[in-house]
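**Q** Here's the letter readout for the chains.
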Amino acid sequence: MFSRRNFLKTASCGFGYMAFAGLSTEQAAKASTYQNPLAPKTPHFPARAKRIIFLCMRGGPTHVDTFDYKPALYRDHGRSVSVQGTERGNGRTLLKSPWRFIPSGQSGLPISELFPHLSHQADDICLLNSLNTSVPNHPQSFLMMHTGEFRFTRPSMGAWVMYGLGSENQNLPGYITVSPPADLGGAQNFGNAFLPASYQATRIGEQGTAVTQARVGNLSSPLSQSAQRRQLDLLQEMNQDLLQRSQVNPGVEGVINSYELGFRMQTSLPELMDISRESQRTKDQYGIGGGPTDDFGRQCLMARRLSEAGVRFVEVCHNANWDTHGGLTTRVPQLCRQIDQPMGALLADLKSRGMLEDTLVMWGGEFGRTPHGQGNDGRDHNAAGFSMWLAGGGVKGGIRYGATDEHGIRAVVNPMHHHDLHATVLHLMGIDHQRLVYRYGGRDYSLTDIHGNVATGIMA
Amino acid sequence: MRKQAYVVALIAVALALPCPVQAQPKNSKGIEFFEAKIRPVLATHCYECHSAKSTKVKGGLLLDTKAGVLAGGDDGPVVVLGKSNSSSLIKALRHDGPSKMPKNKLPDSVIQDFVEWIAMGAPDPREGQAATKGYKTMTLEDAKSFWAFQPPKKTEPSVKNGAWAKAPIDRFLLARMETKGLKPVADADRYTLLRRVHFDLVGLPPTVDEIETFINDKSADAVEKLVDRLLASKHFGERWGRHWLDIARYAETNGNADNVPFPQAYRYRDYVIDAVNRDTPYDRFIMEQIAGDLLPAANAKEKDNNLTATGFLALTSKPRAQNNPDFKFDLIADQIDVTTRAVLAMSVMCARCHDHKFDPISTKDYYAMAGIFDSSIMLFGNNAGKKGGKATGYHALSDGGEAMGIRDAVNAVDCSVLVRGDAKQPSVKVPRGFPTALVQEWTPKLNRAKSGRLEMAQWLTAKENPLTARVAVNRIWMHLFGQGLVRSPDNFGSLGETPTHPELLDYLAIRFIENGWSTKKMIKEIMLTRAYQISGKHDETNYKIDPDTMMVWRMPTRRLEAEAIRDAVLTVSGKLNREPLKGSMVGQLPKKKKGIGTASDDSNHRSIYLAMVRGAPLPEILALFDIANPNLVVAQREVTTVPAQALFMINSPFANAHAKSFAQRLEAYSSLDDAGKINLAYLIALGRPASDADRTRSLNFLREAGKAGESQAWASFCQTLLASAEFRYVQ
Numbered sequence: 001m002f003s004r005r006n007f008l009k010t011a012s013c014g015f016g017y018m019a020f021a022g023l024s025t026e027q028a029a030k031a032s033t034y035q036n037p038l039a040p041k042t043p044h045f046p047a048r049a050k051r052i053i054f055l056c057m058r059g060g061p062t063h064v065d066t067f068d069y070k071p072a073l074y075r076d077h078g079r080s081v082s083v084q085g086t087e088r089g090n091g092r093t094l095l096k097s098p099w100r101f102i103p104s105g106q107s108g109l110p111i112s113e114l115f116p117h118l119s120h121q122a123d124d125i126c127l128l129n130s131l132n133t134s135v136p137n138h139p140q141s142f143l144m145m146h147t148g149e150f151r152f153t154r155p156s157m158g159a160w161v162m163y164g165l166g167s168e169n170q171n172l173p174g175y176i177t178v179s180p181p182a183d184l185g186g187a188q189n190f191g192n193a194f195l196p197a198s199y200q201a202t203r204i205g206e207q208g209t210a211v212t213q214a215r216v217g218n219l220s221s222p223l224s225q226s227a228q229r230r231q232l233d234l235l236q237e238m239n240q241d242l243l244q245r246s247q248v249n250p251g252v253e254g255v256i257n258s259y260e261l262g263f264r265m266q267t268s269l270p271e272l273m274d275i276s277r278e279s280q281r282t283k284d285q286y287g288i289g290g291g292p293t294d295d296f297g298r299q300c301l302m303a304r305r306l307s308e309a310g311v312r313f314v315e316v317c318h319n320a321n322w323d324t325h326g327g328l329t330t331r332v333p334q335l336c337r338q339i340d341q342p343m344g345a346l347l348a349d350l351k352s353r354g355m356l357e358d359t360l361v362m363w364g365g366e367f368g369r370t371p372h373g374q375g376n377d378g379r380d381h382n383a384a385g386f387s388m389w390l391a392g393g394g395v396k397g398g399i400r401y402g403a404t405d406e407h408g409i410r411a412v413v414n415p416m417h418h419h420d421l422h423a424t425v426l427h428l429m430g431i432d433h434q435r436l437v438y439r440y441g442g443r444d445y446s447l448t449d450i451h452g453n454v455a456t457g458i459m460a
Numbered sequence: 001m002r003k004q005a006y007v008v009a010l011i012a013v014a015l016a017l018p019c020p021v022q023a024q025p026k027n028s029k030g031i032e033f034f035e036a037k038i039r040p041v042l043a044t045h046c047y048e049c050h051s052a053k054s055t056k057v058k059g060g061l062l063l064d065t066k067a068g069v070l071a072g073g074d075d076g077p078v079v080v081l082g083k084s085n086s087s088s089l090i091k092a093l094r095h096d097g098p099s100k101m102p103k104n105k106l107p108d109s110v111i112q113d114f115v116e117w118i119a120m121g122a123p124d125p126r127e128g129q130a131a132t133k134g135y136k137t138m139t140l141e142d143a144k145s146f147w148a149f150q151p152p153k154k155t156e157p158s159v160k161n162g163a164w165a166k167a168p169i170d171r172f173l174l175a176r177m178e179t180k181g182l183k184p185v186a187d188a189d190r191y192t193l194l195r196r197v198h199f200d201l202v203g204l205p206p207t208v209d210e211i212e213t214f215i216n217d218k219s220a221d222a223v224e225k226l227v228d229r230l231l232a233s234k235h236f237g238e239r240w241g242r243h244w245l246d247i248a249r250y251a252e253t254n255g256n257a258d259n260v261p262f263p264q265a266y267r268y269r270d271y272v273i274d275a276v277n278r279d280t281p282y283d284r285f286i287m288e289q290i291a292g293d294l295l296p297a298a299n300a301k302e303k304d305n306n307l308t309a310t311g312f313l314a315l316t317s318k319p320r321a322q323n324n325p326d327f328k329f330d331l332i333a334d335q336i337d338v339t340t341r342a343v344l345a346m347s348v349m350c351a352r353c354h355d356h357k358f359d360p361i362s363t364k365d366y367y368a369m370a371g372i373f374d375s376s377i378m379l380f381g382n383n384a385g386k387k388g389g390k391a392t393g394y395h396a397l398s399d400g401g402e403a404m405g406i407r408d409a410v411n412a413v414d415c416s417v418l419v420r421g422d423a424k425q426p427s428v429k430v431p432r433g434f435p436t437a438l439v440q441e442w443t444p445k446l447n448r449a450k451s452g453r454l455e456m457a458q459w460l461t462a463k464e465n466p467l468t469a470r471v472a473v474n475r476i477w478m479h480l481f482g483q484g485l486v487r488s489p490d491n492f493g494s495l496g497e498t499p500t501h502p503e504l505l506d507y508l509a510i511r512f513i514e515n516g517w518s519t520k521k522m523i524k525e526i527m528l529t530r531a532y533q534i535s536g537k538h539d540e541t542n543y544k545i546d547p548d549t550m551m552v553w554r555m556p557t558r559r560l561e562a563e564a565i566r567d568a569v570l571t572v573s574g575k576l577n578r579e580p581l582k583g584s585m586v587g588q589l590p591k592k593k594k595g596i597g598t599a600s601d602d603s604n605h606r607s608i609y610l611a612m613v614r615g616a617p618l619p620e621i622l623a624l625f626d627i628a629n630p631n632l633v634v635a636q637r638e639v640t641t642v643p644a645q646a647l648f649m650i651n652s653p654f655a656n657a658h659a660k661s662f663a664q665r666l667e668a669y670s671s672l673d674d675a676g677k678i679n680l681a682y683l684i685a686l687g688r689p690a691s692d693a694d695r696t697r698s699l700n701f702l703r704e705a706g707k708a709g710e711s712q713a714w715a716s717f718c719q720t721l722l723a724s725a726e727f728r729y730v731q
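Residue numbers (this note's numbering), protein chains in the order written: chain A, 1 to 460; chain B, 1 to 731.
Source of the hints: derived by calculation from the structure; they are not laboratory data.
A quick note: this is a predicted structure, and the numbers were derived from the prediction, not measured.
Here a beta-carbon is modelled for each residue, glycine too, at the ideal position from N, C-alpha and C.
Any given hint might turn out to be false.
Some chain B residues judged to face chain A by a derived CB distance under 7 Å, without partners named [unchecked claim]: (1) 80; (2) 98; (3) 538; (4) 638; (5) 645; (6) 646; (7) 726.
Distance condition first, Cα-Cα at most 30 Å in a straight line; then the derived DSBU-like pairs of lysine-lysine [unchecked claim]: (8) B/524 <-> B/183; (9) B/424 <-> A/96; (10) B/364 <-> B/424; (11) B/183 <-> B/537; (12) B/105 <-> B/83; (13) A/396 <-> B/91; (14) B/53 <-> B/29; (15) B/105 <-> B/29; (16) B/537 <-> B/218; (17) B/66 <-> B/53; (18) B/445 <-> B/303; (19) A/96 <-> B/83; (20) B/83 <-> A/396; (21) B/463 <-> B/524; (22) B/153 <-> B/180; (23) B/144 <-> B/463; (24) A/41 <-> B/544; (25) B/450 <-> B/301; (26) B/100 <-> A/396; (27) B/357 <-> B/144; (28) B/66 <-> A/96.
With the hints as constraints, model all of the structure from the sequences given.
**A** What follows is the structure, encoded as structure tokens:
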């Protein structure tokens, strides 16, 4: 492993420059303690969740067919609706869900019959039925969900969490995204924007490629361990020298960090990504071994392994598209099939390891779909009301929080905008979203900007 | 600002109420209640911040129409019909919740009126659409005064410290710096400047000979000579042509459902490189790409050139035609998108389904343009879209070759507006034309018998078009300073940024046109300013005022683009093949698409010639260092810094091999001692001599490695130079 000995010796004012913003450059240079930007930090208040796994469903999953049971929708099938705002399809007619909802668990939480596995975990699941967001377009809402903003480049939620809490494991990236899409804002969705570069996510694989093909390449050096250590010491001294000469240079700081992390990842990451060490039983539980559940099963198992090793924020993006304008009756069951068993296994696995209580699992996409049909077998975008769910991490299980109107068009009870979701997630992680700010260009920025209300009703 | 702090003005002016002419409402009692009790309160206490006329709509909430009340704000609905106590509007009025409105609480009796009103179902006669939440749609009337739609104006900046400024551009920058209390830092040293100019113009580091020549050239016009030499280099087109290919979403395969090769796409690539090298006037460059097939040509070569240029409109990633009634309109959507964003930095495509939410672009505007492309035929070859039986052939070239492109259809047709973009729901036909907001006296009239594409090209490149030159010079500026004067180089619309230096932007746009739309002249004028030749030195006082260097008080440090990093590694290792690639690496592959992603792994050609494949991994080093996504129109690339890049530079076979070659180059200088070789290595890799500290550190490393019996000590040392932050940044 890379020795930090020489590196520490040459560390100077560049690192953690912002921390010294109140000092003169000279003073800052004297304060030569190495400020590791990824060192664990104390949260504002005791955290309920220490880490998060975000199961991201791109395309806008239909809520009235999955997690938002609307009896009136079956009754009023065919009735035309009048809508305007952030849901589409004024004048179209209500389309009942082709599937039944089944009361699940002790709590009787209504979950679509499309989730026979996940429904076993109903008592740990907190359905959020009153999500809403600003724009019913994919790229904007996908960015909004990830960064709280779509007009400007802003740090992603994971980057904020890293900035607020640092990493639990210095040999791994603290923030990993698995199979993210290259579109819908691309790297901005897991970027650091104006936060220090060390807070952006490390990407494993990309959307459209099976996760078995995902590699973090170039993890082994042709040099002997000691020879590589020598080389890296020289390299980092050069980089530090440049940083010292340019004084403020976040780009160079980022490069230095990237080598630090890269060196350590050489050993730690291959071990973690290698799920062959898991038992056959575990693999079976996750649905790994070919078939529709294989890819997402691998992603979920990888997520558990990464979380267990201390990766603070893991996002896995389901390698599919929930944008079911058409083919509702064929595509939605396929999509659910792909994720149901893996998600059920993930929750059960986290629970059996005692991790669920401080690991927050979050499921959802950028918006939902209209309860009224688009054609007779599809649904349009709906940003006015949709569902996500949380599990573990100090949230109440077996409850529905918030509600849409009787048909599922608009969030009406305890409406929860993406901003509110962000505020709530940060809260669960021990962060006050109004206090986690970063001074940039003369202004304090936060993930939620001027918005955000914590949904205290879901706290266990 | 938090919601509690919303300033709700209590302005009596609002009592001059609008008096709507009403049809007899159904719920007349409720309406009477609304008119008597509710409307006056809304108008007096709420409209200032919550109406379409508000200068800034707070919380995305509009209370001036029924639709707005029902739509709610950023935080969701404010009214639950029939349920006053669940309505956040009531909570806000009661100051019982996160939001406390208005700031001075209304009398309880008034709040009680609202409770009753909501209990009644919030009867409300105010018709009209709620505007999009929080953002005002720019109307055609607004557009008349919107900055980007105004003709550029000549102005004369006034500065105090005139001595610093060498050129008019300097005076514009200095004027803004002075108003902000900023002082430009010192000029860059010669080594730094040389390296900067080299990467900026040709995307390659200077060779040792080039360094010596420039450093020893003490003449006053040394920089000018350097700039002239590099502008004339064939490598200039390989650098600046790539900038345009980002915008043109250039790729050599289709991507999407059928990722077939475009074996002829490279002709468009070569056209762009050649046009940039010849400094084809920018207006002509655009003209050729939009309507080259319709332009007169003096000879066969010129005809070929013009036809090949129209590849711009055919390179898109096409969806499968099978079972896709919208196929034709999907292609048209791409053509409209790439045209308007590339040339005008305006996004028109959203008007395919609905009027643009923010900019003054209607569906009629969109379908007026769509008619032009609907009257043209995209020639994407015989492969793409095959599944739907669509094969279009190519333009035939005089050398027997073929080129992707566009031509006019036999019959010119107008397009119908498609309701919500659905090809199955045509409504009114609109005559072919251009977005109304940009139709003025100078706009060419369409020849109704033809597609109108020629006139579209003339409209785009008219010198009166307020956007075209501004957009072009802004991008040139961005490539030289890291950021545009408008920091949203592909969006000059209402959601885009406004210019940091509007007068300078106008000056550049006017100069550009005056100089015959010459990109090279524009670049040269900018490079010969004092501002461009400034150092990247930190200054604490300036930094506190302007941490983002918006005012250009120093040269921002810029990460090299992916291509420049790779090409520099090859240059330093001595392996770069400086000759243009003939043809296409994708075209040379067998028909099956297997291996397409690795087609260029062993190539030592410049990166612009590598296989540009959609939907498969691009060459690793390019992908890692943020090459533009070839599915998208990209005006400005992202810059990321991640461990995967670090691991590539120290562990990849590519980096290891080139470090070895670099070391072999040094070894050949047998007359040099170790210190001399180190110095040379620094010159080759970083364009500057090694400092004492560099030398000491490097010698120590070599000594230690020698003691440990390392056979590859020099290669290992060379690799640190390639892997260093300094290598991949220009100052």
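**Q** Which hint numbers does the structure go against, in order from smallest to largest?
**A** none
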